[in-house]
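Engineer: Sequence:
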Amino acid sequence: MTRSATPVPPIAVDIRDAVRLSVSFRPHTRRVANLRRITGTLLREGDVREDAVETVLLLVSEIVTNAVVHGGGDRVRFSISYGPSGDVLIEADDGSPARIEVRNPETEDETGRGLLLVAALARAWGRRGTRTWCTVDTREASAS
173 MTRSATPVPP IAVDIRDAVR LSVSFRPHTR RVANLRRITG TLLREGDVRE DAVETVLLLV
233 SEIVTNAVVH GGGDRVRFSI SYGPSGDVLI EADDGSPARI EVRNPETEDE TGRGLLLVAA
293 LARAWGRRGT RTWCTVDTRE ASAS
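If you want my numbering, it's the 1-based position in the sequence shown plus 172.
Note that these hints are calculated values from the structure, not bench results.
Remember, it's a predicted structure, so these values are computed and weren't measured experimentally.
Even glycine gets a Cβ: it sits at the ideal position worked out from N, Cα and C.
It is possible that part of the hints are untrue.
[What the hints assert, rightly or not] Estimated spans, in silico, between C-beta atoms of each pair: (1) G244 with D223: 27 to 37 Å; (2) T237 with L261: 13 to 23 Å; (3) G245 with L288: 20 to 30 Å; (4) A190 with E280: 40 to 50 Å; (5) P256 with I210: 13 to 23 Å.
Produce the entire structure from the sequences given, and follow the hints as far as they go.
Structural biologist: So, in structure tokens, the structure goes:
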């Protein structure tokens with residue numbers, strides 16, 4: 173039997189549409205790059221400003237890396253959503269009920285700056301149970 177497929181035209185994502193992407197994966201640092209790539213594609217298809225996309229991608233890296241490295245579960249659950257308000261919500265559930273805190277690393281320390289970046293770049297951030305979250309307003313002007 174021969175099968176043929178009819179190509180489906182790409183569907184543009186309109187920022188006026190509410191979009192949510194959720195992914196569950198085994199903790200591994202290579203997933204950080206995968207999620208950055210997926211998130212970047214999703215936001216760029218929605219015509220989000222490039223400076224806002226770059227900020228979101230940095231925050232995805234920091235929150236997902238924190239979940240992968242410090243989490244206590246065998247799965248990490250990641251989600252990103254945005255809608256007509258222009259807010260992007262990034263969440264990573266690492267399965268660990270441990271409190272998280274912003275560290276003050278020394279100049280020579282190679283790690284420990286992730287939550288400093290989140291606190292500086294996100295409009296809001298925090299921890300609910302085992303889930304770390306932050307929001308970014310994609311409508312705000314770039315600080316640069």
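Engineer: Given the range 20 to 30 Å, decide if the beta-carbon distance of G245 to L288 lies inside it.
Structural biologist: Holds - the Cβ-Cβ distance for G245 and L288, about 25 Å, lies within 20 to 30 Å.
Engineer: Could one say that the CB atoms of P256 and I210 fall in the range 13 to 23 Å?
Structural biologist: Check passed, 21 Å falls within 13 to 23 Å.
Engineer: Regarding A190 and E280, is the given constraint of 40 to 50 Å on their beta-carbon distance met?
Structural biologist: Holds, at about 44 Å.
Engineer: Tell me if the beta carbons of G244 and D223 are separated by a distance inside 27 to 37 Å.
Structural biologist: Because 35 Å falls inside the window, the suggested range holds.
Engineer: Does 13 to 23 Å hold as the CB distance between T237 and L261, or does it fail?
Structural biologist: 18 Å, holds
The structure agrees with every numbered hint stated previously.
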